[in-house]
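Kindly generate the complete structure, drawing on both the sequences and the hints.
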Amino acid sequence: MPAFLEDFVHLINGKRDYLRERVLKGKFNPLEDEFKKHMAAHWVPLNDLSSFSADISSLNVMAVDSSVYSSLLSSGGILYISRGMAMYRGIVSKKMDVEVIFSREKMSSVNDFITAKMELLEFEVALEALKNGFDGDAILIDGSLYGRASHLPIEPRVDDQRDALLHYFRVYKNLLDFCHKSNILLLGISKESRSTFYRDYLLHIIFNEKIRMLDVEEEDKELLGEIFFQVLDSERIAFERFYRLKKKYGVKLETIDVILQELASPRPDYQLIARCAPSIGYTRPLLLGPSIRMAKRLREYIKNPEEFVRKYFPRLSAERGDDFIQWASNVFKDILNFPSFVSFYVLLDLRDSPIRIDMPYYDKTLFEVGWPEPTGADIECALKIVVTGYCGLNAYNIWLKSVDEKVRLRRKVADEIYLPYLEKMFGEKIIRGRGYRRVKYP
49 MPAFLEDFVH
59 LINGKRDYLR
69 ERVLKGKFNP
79 LEDEFKKHMA
89 AHWVPLNDLS
99 SFSADISSLN
109 VMAVDSSVYS
119 SLLSSGGILY
129 ISRGMAMYRG
139 IVSKKMDVEV
149 IFSREKMSSV
159 NDFITAKMEL
169 LEFEVALEAL
179 KNGFDGDAIL
189 IDGSLYGRAS
199 HLPIEPRVDD
209 QRDALLHYFR
219 VYKNLLDFCH
229 KSNILLLGIS
239 KESRSTFYRD
249 YLLHIIFNEK
259 IRMLDVEEED
269 KELLGEIFFQ
279 VLDSERIAFE
289 RFYRLKKKYG
299 VKLETIDVIL
309 QELASPRPDY
319 QLIARCAPSI
329 GYTRPLLLGP
339 SIRMAKRLRE
349 YIKNPEEFVR
359 KYFPRLSAER
369 GDDFIQWASN
379 VFKDILNFPS
389 FVSFYVLLDL
399 RDSPIRIDMP
409 YYDKTLFEVG
419 WPEPTGADIE
429 CALKIVVTGY
439 CGLNAYNIWL
449 KSVDEKVRLR
459 RKVADEIYLP
469 YLEKMFGEKI
479 IRGRGYRRVK
489 YP
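In this note's numbering, the protein residues as written are 49 to 490.
Just so you know, these hints were derived from the structure itself, not from any lab. Some hints here could point you the wrong way.
[Said to hold, decoys possible] Restraint ranges, calculated between C-beta atoms of paired labels, are given here:
id, residue 1, residue 2, range
1, Trp-419, Ala-366, 34 to 44 Å
2, Asn-231, Ala-366, 36 to 46 Å
3, Glu-464, Asp-225, 39 to 49 Å
4, Glu-428, Asp-160, 32 to 42 Å
5, Ser-99, Ala-366, 53 to 63 Å
Heads up, the beta-carbon is just placed ideally off N, CA and C, and yes, glycines get one too.
If you want it as structure tokens, here you go:
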């Protein structure tokens, strides 16, 4: 019998109800009734899925995905092997990257960097397929298109790859431009995204409704409006300002306190929709702009492009001088011209999690949009692809599932094929770091 089994049983019995609620339903939401009321106004039922479903063979869809294997080495470096693939109607475009990186960053930041390099492969294989003649209905990328555009690059502390994130945005912009010119729909499809943009949008509606009913001075209502947005940028300062105001009004601001606490919580959109959606259907699409922090950075760039590059890419600016500064400045200029993104969620089974859909909106740049705003963008083709490709609880998109099965890099393959080949080439054993698990426990 496992050594800790009795301890486990005793512990769970003592907090069963608490854990059951958190495991099965998530964090308690004191505003759930308010969310349900407003969700109803922003929810479009799909009463007849067959009207959006098509014969799958009639759609020419390219699916793009990637995978990665990484391992800490005894040398202090991190070896990663990544693979990217674009696949449509039996035609495959693929690319690999093998590298050892050295960085002083914490592992979470290193993993973010490796993820960005993996996503860069996806952009590159999609572009290659387009240049080789793909002219189909859509390109599907596993993940959020908006999320990939919403974090401005800064110089990573990764030796020999300090310009990698600038190349990432340059290639991403090329892909967006090619799809726009070719009139090919680019879709980001993700499941259980950690995004909160729809929750924040509905919460702002609830907030404004409560503010209108507050019996406080008008200038303090304006101050509360500022604090709402500041929570998303500088939470500590925002709550310091709010609690100074709450001392003045006491219980009158109790509901506002609850709203701001919810805004600061990490509750994702998918959990909210799963609990509040009244039927299968989709959220009314929103047009997304930059985050508050990204907007500040872009304004900083506009004010002085060269100084901006020197500030956020100090090492490369010092090493490479004016040529690099000019090149990097042009990359940021292209970021200013990124399209905005339409984003919405689709729920096709009440037992399932909603699927997030992102698509570029070329009529406005990302920087021209402020707070998320409703849009009348045409999403019919996107819905048709999502509904047609849905295969139930185990496969939310048949095209992405197919490419995932082809591109996925399993640890067994890396450990038994790729690493031994490297060792044969080097004529020496590769020693892994202490964090590497040499034994797989059942």
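Tested hints:
Between Trp-419 and Ala-366, the C-beta spacing of about 38 Å keeps the proposed range 34 to 44 Å intact. Checked against the hint of 36 to 46 Å, the pair Asn-231 and Ala-366 passes, with Cβ atoms roughly 44 Å apart. For Glu-464 paired with Asp-225, a C-beta distance near 41 Å keeps the hint of 39 to 49 Å intact. A beta carbon spacing of about 35 Å between Glu-428 and Asp-160 agrees with the range 32 to 42 Å that was offered as a hint.
Separation of Ser-99 from Ala-366 is about 60 Å and conforms to the stated range, judged on CB atoms against 53 to 63 Å.
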